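Each chain, letter by letter, is given below.
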Amino acid sequence: MGKFLIASVTALAALIGVAGPAHAAGGGDVKLVSGEWSFAGPFGYFDKGAMQRGFQVYLEVCAGCHGVEYLAFRNLADLGYNDAEIKAIAAEYEVMDGPDDDGEMFMRPARPADMIPSPYRNDNEARANNNGALPPDLSLITKARANGADYLYSLLLGYEDAPADTEVPEGMYYNNAYSGHLIAMPQPIYGDDVEYTDGTPTTPESLAADVTHFLMWAAEPKMEARKRIGVAAVFFLSIFLIMSYMAKRRVWAELH
Amino acid sequence: MSAEKFSNPVVRWIDHRLPVFSMLDHEKYDYPVPKNLNYFWNFGVLAGLALVIMIVTGIVLAMNYTAHVDHAFSSVERIMRDVNHGWLIRYIHMNAASFFFIVVYIHIFRGLYYGSYKAPRELLWMLGVVIFLLMMATAFMGYVLPWGQMSFWGATVITNLFSAIPLVGESIVTFLWGGFSVDNPTLNRFFSLHYLMPFVIAGVVVLHIVALHRFGSNNPIGIDAKGPQDTISFHPYYTIKDMVGIAMFLLLLAVAVFFFPNAMGHPDNYIPANPMQTPAHIVPEWYFLPFYAILRAVPDKLGGVLLMFAAIFVLFILPWLDRSPVRSARFRPVFRIFFWLLFIDCIALGYLGGKPAEGVYVVLSRIATVWYFLHFLLILPLLSVFETTRPLPKSISEPVLATAKGVA
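Which chain is which? The protein sequence lines are E and G, in order.
Heads up: the first sequence begins at 2 in the numbering used here, then just goes up one per residue.
Heads up: the second sequence begins at 163 in the numbering used here, then just goes up one per residue.
Just chain E, same shape as in the assembly:
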């Protein structure tokens, strides 16, 4: 049993050791700062207040260029909004529907079942409006980058003056968290970019943390259910393991 346990744990450790560096490849000398996340750890949860504030930051700061194509308005219920609030949020958008009885497409106010519209109709329009750079969709961004939450948080706060020996071309910006340091996105957060209604300070750190919180939920909306079931599953399987081992000992005791 001891040997087996050691073998299993070694295998898992070896695996993470091998898989880990594969992900980190290509980072370079980037600087990551770590946030304090309520969603970290086996009992992690999403903070509804932070997500609502983060959604506000997304709408007022990010949504001009970045979409969240995998989110529907109805998903905002996870943030703590009720049906009426979600209807009201959706109604501020116009989406295309149709064809109607005459065969025409038409615009109508969005409903909770609609996906949240992206700012551009397609990638070409997005590039045309952003100096040729494509602002990535943000619905999976925290899963599509290594150390997603810390990375995003660091990136939002990572703007600084370029070192003397680095030349920053026109339309590019220097960011200490970005691979290669030259990023096409201008600094989005300066502090006080939005007005919070709940009295939370609007420092750059607080805004960046809130929008990261919102985007972590956007990428992994089932995380709370996953961890809740996970705790129960691990508890159950631990008992199962102990009982199997005790049963095995008893059955084998007859042999000797």
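No lab work stands behind these hints: they were computed from the structure.
Some hints here could point you the wrong way.
Unchecked claim - A short, non-exhaustive set of chain E residues, derived as facing chain G with CB atoms under 10 Å:
id, residue
1, Pro137
2, Ser140
3, Ala147
4, Ala220
5, Met224
6, Ala234
7, Val235
8, Phe241
9, Trp253
This structure is a prediction, so every number in the text was calculated from the model and none was measured.
Note that CB positions come from ideal geometry on N, CA and C, so glycine has one too.
For chain E, the structure is supplied; the task is to place chain G on it using the hints.
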């Protein structure tokens, strides 16, 4: 087998015409298993369990997946967000794939250590290598299906390997792709084959088990069972021992699925495939990294491809490379040292496969690759001749009883 042994008349009626119950009964009680198997003998059953988990979750995923370049990525996201417990099914499928390889790698190394490939189990071993090859093909095609960046570029790099074949290489690649690049026809055929292959694997697993039951399991001291005093029935002794392994396997799988579901994947695969943008480093799934390291260790493309396939082929002829009559490494002091060197070598190859192919990593990859082949092609044949093995016990029960007394 007499049908009278079953008290239930329905069972007796069926068994007389279709002797499935006799067959099960035979495997459960009459099939003799060496009494000294350790927990490393759990891994065959665990691999079988992993295959079942993969097939069950895979069938459910296929009900919700769309094999089309425009919809594959978003259909996977729909599974993650809108299908009831779809996230759970997909995370189990993703992580159980990795666990399948962990289990099979341990199973293979167990076979290497205890000499399970030796006569009369050569075919059993070779069928195992066939299963391993089929698993790699299946896993590779499965990784393409979510149509993320690594799916696309992994598929491009691996299928392009075949272009190294002289004369017909380019035509083979076009044939594999179903076009002139990795595109919708490629995705469709990979989906079709990814669905087919697990059942082919299941078929070979049946042959693997038939071959196993011909001579029964090898055991940690590697000598044949001499009689009933050396063996016990599979049930209840090994069913309950396997249960302990299964519980441990499920516990570790649950930890991965529920708390680190993406730790063994690559973040780039959450970016939709983009043929116009190559990722900074294209890396395959972790379980291919040792072979990827061998591939890249050779400066010549064809040479790299041949060597990579040779790394697996060498396992097929292993029973004839290691001619030592002693199976278990317990009685082969020199072999045991080289076994652990090979183990470290494989881990090193895995590590190097995940590193960029530049500088010292290339040099180390070459050394590790050379060592891998030296081990099989030179060291094992030499050891078979020159190694002085330790004396073997007279029977399985002898050392078993000795240990029991020692403990008491």
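Cross-check of the supplied hints:
Checking E/Pro137 against chain G: minimum C-beta separation of about 8 Å stays under 10 Å; hint holds. Using the Cβ-Cβ criterion of 10 Å, the hint placing E/Ser140 at the interface with chain G is satisfied: the shortest such distance is roughly 8 Å. Of the supplied interface hints, the one on E/Ala147 holds, with its beta-carbon coming within about 5 Å of a beta-carbon of chain G, less than 10 Å. The criterion of a C-beta within 10 Å of any C-beta in chain G is met by E/Ala220, whose closest approach is roughly 8 Å, and the hint holds.
Against a cut-off of 10 Å between C-beta atoms, the interface hint on E/Met224 holds, since the closest Cβ of chain G lies about 9 Å away. Because the closest C-beta pair between E/Ala234 and chain G is about 5 Å apart, less than 10 Å, the hint holds. Look at E/Val235: its Cβ gets to within about 5 Å of chain G, closer than 10 Å, so that hint holds up. Annotation: E/Phe241 was flagged as interfacial toward chain G, and the flag holds, the nearest CB pair being 5 Å apart, inside 10 Å.
Here the hint on E/Trp253 is kept, as its CB sits about 6 Å from the closest CB of chain G, short of 10 Å.
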